[in-house]
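There are 2 protein chains.
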Amino acid sequence: MSGKDQGNQVPVKAMEDLWNVWYSELHNHNHGLTVKIDRLLESDESEFQRIEVISNPFFGKMLCLYGSLMCADNDNNAYNEMITHVPLLAHPDPKEVLIIGGGDCGALTEVLKHPNVNRCTMCELDSKVVEVSKKHFPDLTSGLKDKRANLMFADGKDFIENSSEKFDIIILDLSDPVGPAADLFQKPFHQAVHDRLNDGGILVAQAESPFLNKEAIKAMHANLVDIFPIVKIYTCFMPIYPSGYWAFLFASKSPEPVNDKIVSRFERINIKTRYYNPETHVAAFALPQFVKEIIA
Amino acid sequence: MSGKDQGNQVPVKAMEDLWNVWYSELHNHNHGLTVKIDRLLESDESEFQRIEVISNPFFGKMLCLYGSLMCADNDNNAYNEMITHVPLLAHPDPKEVLIIGGGDCGALTEVLKHPNVNRCTMCELDSKVVEVSKKHFPDLTSGLKDKRANLMFADGKDFIENSSEKFDIIILDLSDPVGPAADLFQKPFHQAVHDRLNDGGILVAQAESPFLNKEAIKAMHANLVDIFPIVKIYTCFMPIYPSGYWAFLFASKSPEPVNDKIVSRFERINIKTRYYNPETHVAAFALPQFVKEIIA
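Residue numbers (the numbering used here), protein chains in the order written: chain L, 1 to 296; chain S, 1 to 296.
Since the hints were made in silico from the structure, they are not lab data.
One thing to keep in mind: the hints can contain errors.
A pair holds if it fits inside one copy or across any two, identical chains being indistinguishable in the list.
Derived lysine-lysine pairs resembling DSSO-like cross-links, with alpha carbons at most 27 angstroms apart [to be verified]:
1) 134 - 61
2) 292 - 61
3) 214 - 272
4) 214 - 61
Please work from the sequences and hints to get the whole structure.
See the structure below:
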């Protein structure tokens with residue numbers, strides 16, 4: 001078809017195929033998830049990182065920070081549900097919750113579905129991530145409208161080291177250990193977090209892929225077992241994260257991660273989830289052999 | 001660098017980067033796993049399908065049939081362990097096992113790790129897949145050396161419909177429902193498989209990704225609940241399969257998939273696994289909310 005004909009005859013919709021642009025998040029430069037970019041909705045940078053929002057025909061809008069996919073409209077929300085409901089339902093009565101990181105606000109929104117929470121403080125380094133998330137992910141950020149949401153923009157390390165506040169649950173919803181969050185995967189920070197927890201408090205941290213980041217999990221686990229009496233790994237399936245399989249570390253001053261109150265507590269909060277349910281909560285702590293061997 | 005200099009100065013090893021070739025297995029042409037191809041080891045076709053073996057720096061050798069990745073040296077073997085050990089340990093005493101498909105022989109090899117099995121018949125359509133797998137995947141195909149392995153090359157549908165043999169366990173280790181195996185995802189075939197099972201027999205079938213292939217799972221589940229008194233879905237994490245998350249259907253004439261004998265039976269067979277263990281066996285039947293809703 002000649003250039004002249006094309007202008008008159010090809011409907012704009014059919015030109016989608018001409019915009020053949022792909023985003024690939026690669027591990028060790030040799031494999032990873034690739035997604036077709038329908039539209040590049042944001043491509044910006046903050047003081048700390050690049051921030052992109054792309055749209056894909058299957059996943060819808062996707063947030064990409066520091067070159068890593070963080071969330072998507074059409075995933076199953078496993079990460080946000082599992083990093084929040086597991087500690088909040090393991091704890092007998094969480095009133096004060098702190099999230100370090102979590103700029104897309106997905107964890108904050110899940111935490112505030114618990115009516116017994118009095119306040120959820122979120123300490124995020126990068127205000128631009130929250131701004132972009134509010135614009136593109138209204139469901140994920142809906143918790144910001146809740147008056148119990150206490151948002152602050154600060155370095156999580158400074159906040160933990162300088163604050164005297166105490167929390168029932170602290171969630172480390174950090175980006176990967178190679179970016180601006182690197183220090184927050186180290187033992188001094190884990191010790192400082194421990195000291196900001198009330199008696200019976202629980203720390204949960206995202207802990208990378210058990211398939212790809214064995215050394216990172218091993219190191220974090222080793223830090224935490226020196227500090228907390230109860231430390232467990234749990235996992236979930238998360239299709240947009242590297243390998244599709246993700247780990248969390250659960251470190252507790254006393255509550256066990258699995259107990260016979262989970263079902264009644266979940267019924268009491270009466271929320272709709274896409275991934276979490278009490279059976280999945282229990283099953284998440286049953287580790288495949290290759291994951292057990294990481295910490296053997 | 002000029003062409004002349006290049007020949008003298010660039011070590012062959014450093015030329016790896018010049019061979020920049022990628023394989024991408026896409027879902028709906030808009031997202032999927034992409035892997036760098038170090039070497040294209042086989043690129044052939046049989047009467048039924050294309051057969052490729054590629055090598056990747058992280059995964060090692062990978063078998064690709066009909067454009068879909070089937071297995072890799074460095075995955076966690078979850079698929080082969082979960083499609084075999086779950087039914088074999090749910091059954092009180094499996095003697096006769098039939099695998100339909102499974103040309104890479106990974107399932108056969110796992111089945112024959114059970115000393116109580118008298119014979120494992122494998123009915124594969126495509127002899128070339130077995131031939132290529134023997135050449136490139138010696139560990140995966142090591143079960144072929146066992147004298148209890150009974151290999152035949154035939155259409156699984158013909159074999160099931162014309163045989164009068166009966167089995168304790170039948171495993172449908174098929175390629176995707178769009179390829180040569182399409183008929184083997186239909187109800188008449190599932191009924192015929194039921195009729196080839198002994199009393200107390202178990203059928204297990206690979207059932208695609210719960211994230212991407214909800215309709216396929218729903219249809220297979222609907223077929224099987226009309227035929228078997230016990231039908232359950234279970235899942236595993238499988239990094240090289242679409243979405244990284246995979247489903248199986250467990251259909252049984254009487255044994256429940258989870259029972260209090262699993263631990264002692266697993267201890268008795270005394271094998272080393274990479275994914276399966278009795279806790280994972282139990283946990284695999286705890287379904288995330290979005291998977292439950294497929295069959296709600």
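Going through the hints against the structure:
no. : hint      : verdict
1   : 134 - 61  : within (13 angstroms within a copy, 44 angstroms between copies)
2   : 292 - 61  : between (35 angstroms within a copy, 25 angstroms between copies)
3   : 214 - 272 : between (33 angstroms within a copy, 20 angstroms between copies)
4   : 214 - 61  : between (30 angstroms within a copy, 21 angstroms between copies)
Violation of the numbered hints given earlier is absent; every hint is satisfied by the structure.
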